[in-house]
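If you're matching them up, the sequences are chains P and H in order. Numbered per the numbering used here, the first sequence spans residues 1 to 135. Numbered per the numbering used here, the second sequence spans residues 1 to 307.
It is worth saying that the hints were derived from the structure and are not from the lab. Don't be surprised by glycine CBs; every beta carbon is placed ideally from N, CA and C. One or more hints might be untrue.
As the list claims (entries may be wrong) - So these bits of chain H aren't anywhere near chain P, every CB distance computed over 12 Å:
#1 F68
#2 A109
#3 G118
#4 G137
#5 N163
#6 F193
#7 L197
#8 F258
Unchecked claim - So these bits of chain P aren't anywhere near chain H, every CB distance computed over 10 Å:
#9 C28
#10 S30
#11 E45
#12 Y48
#13 G49
#14 K53
#15 G64
#16 L67
#17 D75
#18 L84
#19 D86
#20 E96
#21 D99
#22 P100
#23 R113
Said to hold, decoys possible - Taking beta-carbon pairs under 8 Å as the criterion, some of the chain H residues facing chain P (in silico):
#24 E114
#25 F116
#26 Q121
#27 A166
#28 L206
#29 E210
#30 D242
#31 G245
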Amino acid sequence: MKSAQIIISHSRFIAISFVCTILLLGACTSDQLPEITAADCSNVEATYGVDIKPIIDGSCAYSGCHLDSSPGRFDDYAGLLPYLEDNTFRQRVIIEQADPTTGMPPNYAPEDRPRDLSLEELILIECWLDAGFPE
Amino acid sequence: MNRTKTVSVKTTLQLLLLALPFIFTNTLDAQEYVYRTFKDTRVVNIHSPETLPKGRLDVRISHRFGDFAGDNGGFATFYGLETASDVSLGGEYGFSDSFTAGLYRSKGAGVSVEGFPGLRQLLNGLLKLRLSRQQEGGGSPISATLMGLVSMSTQEKLEGSGNENAIASFPEFSHRFASHVQLILARKFSDGFSLQLSPGYTHRNLVPFEDENGMFSVSAGARVQITRSFGLLGDVVLPLADSRGSGTGYQPAIGIGFEFETSGHVFQVNLTNATALMETDFIPYTTTDWAEGEYRLGFTISRWFNL
């Protein structure tokens, strides 16, 4: 009887410790990210031919990627257009940019290719998309 | 009124979580136990009450493909088979018949309604503690198990201007963590049918703007045995948070599947709208909708080893 009580007491201790440990680990901090702000496009007039094509040629449209391997052929405007129209391009380049595998360019890109776009490049692309991706 | 009701439900669940260790540990030394309420330690998305026998190692590989249909599915991705949403590899070990601990690596797949990624490149630590086992002939009518999961992102911290809105900006190291605790209450009604209900609580240390760090949830799962080695499974997870209600863009995670059991193996094939595999990921971050064709094929292979 005494050993049964010890087992129950021991089990209670483990169970309570278990709940407290998980809750304490989970309650380290309770923080929020800042509000999302759109890029300031008041002084940006980007076009595909002048501003965007060089970024895409260097970061996306090369052999082994969006030229002859991955979905889409991005070395000209016509090849890119379906992905602009269905919003996939914005989703993968702008919104998911923090994702190491689905954000484009991905972190597994070849070493001699960009694995992240610069802030200036991201602003150019976002403003170009907002303006209706002019050719 | 609704808010009062939500607070009341949350308080009840919280008290239930804390009180049940006291209730169920009183019955641990009884006889006539009911075994194998579920055949595996998981239902589809959620954990079952099962813990591993002492000395048993369970090596598990789980995969969730891309959307079967909808904007990102269909023939273009061969119904999601050419894209992977989440992959998990790891194992768990039975330190006793009542206590299991495990470690998993997962890719991470959940997104906010705006499409921004949640935690990625996760190490997931798992603890399961059996509180009671169902007994025949007047003992405990149900089995109860506590499950705890802590996920840590190992993703490289995103520095610099332009990354302020990314979870991976990790302003503090603790922002890499999220955790989940769940009480699993289950009953095997017959050799052919088992049911479970699970209140749970998920906490993310860093969340998108105006999201909630902590949220309660309730989940349900069922198993129907069809033949000796073949069973059907289903589960649903419903977050109990104002930010996850109808019309917010977030969806409850719903999974259906079947599993084959052979000696030492369980092979499960399923369909689920959840993109992610870990509770810390799919409970707060499921935005894909069955009604839009945004469900996916998935599978889990489990292999037991005696150590």
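Verification of the supplied hints:
Listed as outside the interface, F68 of chain H is consistent with that label: its C-beta sits roughly 17 Å from the nearest C-beta of chain P, beyond the 12 Å cut-off. Look at A109 of chain H: its CB is around 9 Å from the nearest CB on chain P, not clear of 12 Å, so calling it non-interface is violated. Its closest Cβ contact with chain P, about 9 Å, brings G118 of chain H to no more than 12 Å, contrary to its assignment away from the interface. For G137 of chain H, the non-interface assignment is confirmed: its Cβ lies about 19 Å from the closest Cβ of chain P, beyond the 12 Å cut-off.
The beta carbon of N163 of chain H sits about 7 Å from the closest Cβ of chain P, which is not more than 12 Å, so the claim that it is off the interface is violated. Here F193 of chain H stays apart from chain P, with its beta-carbon at least about 28 Å from theirs, past the 12 Å limit. Distance check for L197 of chain H against chain P: the nearest CB is about 18 Å away, which clears 12 Å, and the non-interface claim stands. Taking the minimum C-beta to C-beta distance to chain P, about 29 Å, the non-interface status of F258 of chain H holds against the 12 Å cut.
Chain H draws C28 of chain P into its interface by the beta-carbon criterion, the shortest separation being 4 Å against a cut-off of 10 Å. Non-interface call for S30 of chain P relative to chain H: violated, since the shortest CB-CB distance, roughly 4 Å, does not exceed 10 Å. The claim that E45 of chain P is not at the interface with chain H holds, since no C-beta of that chain comes within 10 Å of its own (minimum 20 Å). No beta-carbon of chain H is positioned within 10 Å of the beta-carbon of Y48 of chain P; the least distance is around 22 Å.
Residue placement check: G49 of chain P keeps its beta carbon more than 10 Å from all beta carbons of chain H (closest about 25 Å). With a cut of 10 Å on Cβ distances, K53 of chain P stays outside the contact zone with chain H, its closest approach being about 22 Å. At roughly 17 Å, the least C-beta separation between G64 of chain P and chain H is larger than 10 Å, which holds for a residue marked as non-interface. The Cβ of L67 of chain P lies farther than 10 Å from every Cβ of chain H, with a closest approach of about 18 Å, so its non-interface assignment holds.
The non-interface label for D75 of chain P is consistent with chain H: the shortest C-beta to C-beta separation is roughly 20 Å, beyond 10 Å. For L84 of chain P, the requirement that its beta carbon stay farther than 10 Å from each beta carbon of chain H is met, with the minimum near 14 Å. At roughly 7 Å from the closest C-beta of chain H, the C-beta of D86 of chain P falls inside 10 Å, breaking its exclusion from the interface. Once the 10 Å rule is applied to beta carbons, E96 of chain P is inconsistent with being away from chain H; the minimum gap is 6 Å.
The non-interface label for D99 of chain P is inconsistent with chain H: the shortest C-beta to C-beta separation is roughly 4 Å, within 10 Å. Not every CB of chain H is more than 10 Å from the CB of P100 of chain P (nearest about 6 Å), against its label as outside the interface. R113 of chain P, annotated as away from the interface, keeps every beta carbon of chain H farther than 10 Å; the closest lies near 17 Å. With a cut of 8 Å, the hint placing E114 of chain H at the interface with chain P holds, because the nearest CB-to-CB distance is about 7 Å.
Against a cut-off of 8 Å between C-beta atoms, the interface hint on F116 of chain H holds, since the closest Cβ of chain P lies about 6 Å away. Because the smallest distance between the Cβ of Q121 of chain H and any Cβ of chain P comes to about 6 Å, under 8 Å, the interface hint for this residue holds. At its closest, the beta carbon of A166 of chain H sits 4 Å from a beta carbon of chain P; the interface hint therefore holds under the 8 Å criterion. At about 5 Å, the closest approach between the beta carbon of L206 of chain H and any beta carbon in chain P falls short of 8 Å, and the interface hint on this residue holds.
For E210 of chain H, the shortest C-beta to C-beta distance to chain P is roughly 7 Å, which falls under 8 Å, so the interface hint holds. Among the interface hints, the one on D242 of chain H is violated; its C-beta lies about 15 Å from the nearest C-beta in chain P, farther than the 8 Å criterion. With a cut of 8 Å, the hint placing G245 of chain H at the interface with chain P is violated, because the nearest CB-to-CB distance is about 19 Å.
Consistency with the previously given hints fails for numbers 2, 3, 5, 9, 10, 19, 20, 21, 22, 30, 31, ordered from lowest to highest.
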